[in-house]
Amino acid sequence: MGFQQNWIAFCTIYIKEVRRFLRIWPQTLLPPAITMTLYFVIFGHVIGSRIGQMAGFDYMTFVVPGLVMMSVVTNSYSNVSSSFYSNKFQKSIEELLVSPVPNWIILLGFVMGGVTRGLMTAFIVILLSLFFVDFQVFDIVATIAAVLLTAVMFALGGFINALFAKSFDDISIIPTFVLTPLTYLGGVFYSVSVLPEFWQGVSQINPILYQVNAFRYGMLGYSGVVDLTLAFSIMTAAVVALFGISLRLLNKGWGLRS
Amino acid sequence: MTDALTDALTLRQLTKTYDNGHQALKGIDLTVAPGDFFALLGPNGAGKSTTIGIVSSLVNKTSGYVDIFGYDMDKDMVRAKCQLGVVPQEVNFNQFEKVEDVVITQAGYYGIAGREARIRSEKFLKQLGLWDKRDVQSRMLSGGMKRRLMIARALIHQPRLLILDEPTAGVDIELRRSLWEFIREINEQGTTVILTTHYLEEAEQMCRNIAIINEGEIVENTSMKELLRKLDRETFYLDVRQPLPLAMNESARFAGYQVTRLDEHTLEVEVQKQQGLNGLFRQLNDYQVDVVSMRNKANRLEELFVGMTRR
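So the protein lines, in turn, are chains A and B.
Per our numbering, the first sequence runs over residues 1 to 258.
Per our numbering, the second sequence runs over residues 259 to 569.
Rather than coming from a laboratory, the hints here were simulated on the basis of the structure.
Some hints here could point you the wrong way.
Chain A is faced by these chain B residues, among others (derived, beta-carbon under 7 Å) [claimed, not checked]:
id, residue
1, 316
2, 317
3, 318
4, 320
5, 321
6, 322
7, 323
8, 336
9, 344
10, 347
11, 364
12, 366
13, 369
14, 416
15, 456
16, 457
Here a beta-carbon is modelled for each residue, glycine too, at the ideal position from N, C-alpha and C.
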């Protein structure tokens, strides 16, 4: 297929994905809005007022970038994992496998669908946060780069999860037992610098720490113990590696072709 | 390159061994001519679905060669896939999508967008009697309508080769006939059709050529006429007007024919191919038996099929 046909195929997959999560917005966009509002009220307003300052910021201001990234991670991941697995489950993935759409287009279409949902929830959470805090973006380029790389990385992760999944349970195991603990321990609610030195070291192997702090730098100008160059390098390398793995699995027909 | 004389489908030494060690295909060679209406028959587990799965890229082959209209599936997969439309046995579209969206989305996968996709969608949905249902969620369709929707979807990119896997299974007689009529028209317009079906009577009526697959091997690959010629005997039921005497329940009374009295109005007669029926009717006349109708006991192809797959 030429460029134009590939573009049409990509748009078809992408638009289908976006329409899917917009159609079921009470399951996709509303829950993060409600959950994050509760976080703002409870952690930021009720408890945060007693905590005082964190890394020189009001606790509420400090926690907003972390909560935005938490939404991006979970929504990018779950959009692709649930959508792609549903396609497998219903066998409608066969429509794509029979067609001449190149595998990299299939991958790109699903991943961009997940990225769009991640960014849309990020936008919703930021809008909601404006009811509680007043801040300006410190570095727009770093902010956009961090949120984009994070969304792409976790959308790819969701895609790989869906390829391996054999039941709907299999697509909830990673978010529940891996992503949620890593997110909570990735500096969403606290600055890693308040931890003892040993736990600071342990935290450095958590990839979400780099994403949260890179994004926090973009919004507030504070990155804590994280080196920004290292953070963006890790995110870029992870995206490249996960894209390569996903494409290889797709080319082999892993979980799709017998 | 491909031209009008290039075979629609060529399989050479196609093998498939599944991870559990089951050898589903043991080196299949098959050629389907362009414009043909071809039947691929075989009992359950014979390898039909695996063969179709490999041709339609849903199953990875172990070894062998697949070519669609001159395009090698390994070297020129995109062009090969563009020639092919597949109607699977089981429903495999997103049942939460609207009928028209199912077809238009598939068009998009083939690089057909916008106005052209809508024009084609309208054409095929109208031809298959689904246009009035275009805005209905596809899960609301009846079983027969879902099958027609899959045919419309398979035709949206105007493939030169259409594979139908048990397209009329579970479909009522009226709808089955209208589907066959439609598929026959598609074939007459130049599309090569390959079908699997367990309605052997349909295969006999519709298809010009046939391959029978059994235990992963092609056991017969010939024209339908040639295959039926191999049948050496046929069994008929004769319905008679007057009650038959009990004494007629003796085959020996009919020289050369195996005749059995089933009830007082029905006889079963086995006729050798070279015999003809005149001799039988002469003898029935002698008994003053008035035959009012006659029908085949079983579909002829079915008799052959059972014989071949039991070898």
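Against the structure, the hints come out as follows:
1. 316: At 6 Å from the nearest chain A Cβ, residue 316(B) passes the 7 Å test, so the hint holds.
2. 317: It holds, given that the least Cβ distance between residue 317(B) and chain A is near 5 Å, below 7 Å.
3. 318: holds, 5 Å
4. 320: Given a least distance of 11 Å, the restraint on residue 320(B) is violated.
5. 321: violated, 15 Å
6. 322: At about 16 Å, which exceeds the 7 Å cut-off, the nearest Cβ of chain A leaves the hint on residue 322(B) violated.
7. 323: Nearest chain A Cβ about 18 Å off; hint violated.
8. 336: holds, 4 Å
9. 344: This interface hint holds because 5 Å falls under the 7 Å limit.
10. 347: Cβ of residue 347(B) sits 11 Å from chain A, so the hint is violated.
11. 364: Holds, because the Cβ-Cβ distance from residue 364(B) to chain A comes to roughly 6 Å (cut-off 7 Å).
12. 366: With Cβ-Cβ at 3 Å, under 7 Å, it holds.
13. 369: Holds, because the Cβ-Cβ distance from residue 369(B) to chain A comes to roughly 3 Å (cut-off 7 Å).
14. 416: violated, 14 Å
15. 456: Violated, about 21 Å.
16. 457: Where the cut-off is 7 Å and the nearest Cβ of chain A is about 24 Å from residue 457(B), the hint is violated.
The structure is inconsistent with the numbered hints 4, 5, 6, 7, 10, 14, 15, 16, although it conforms to all the rest.
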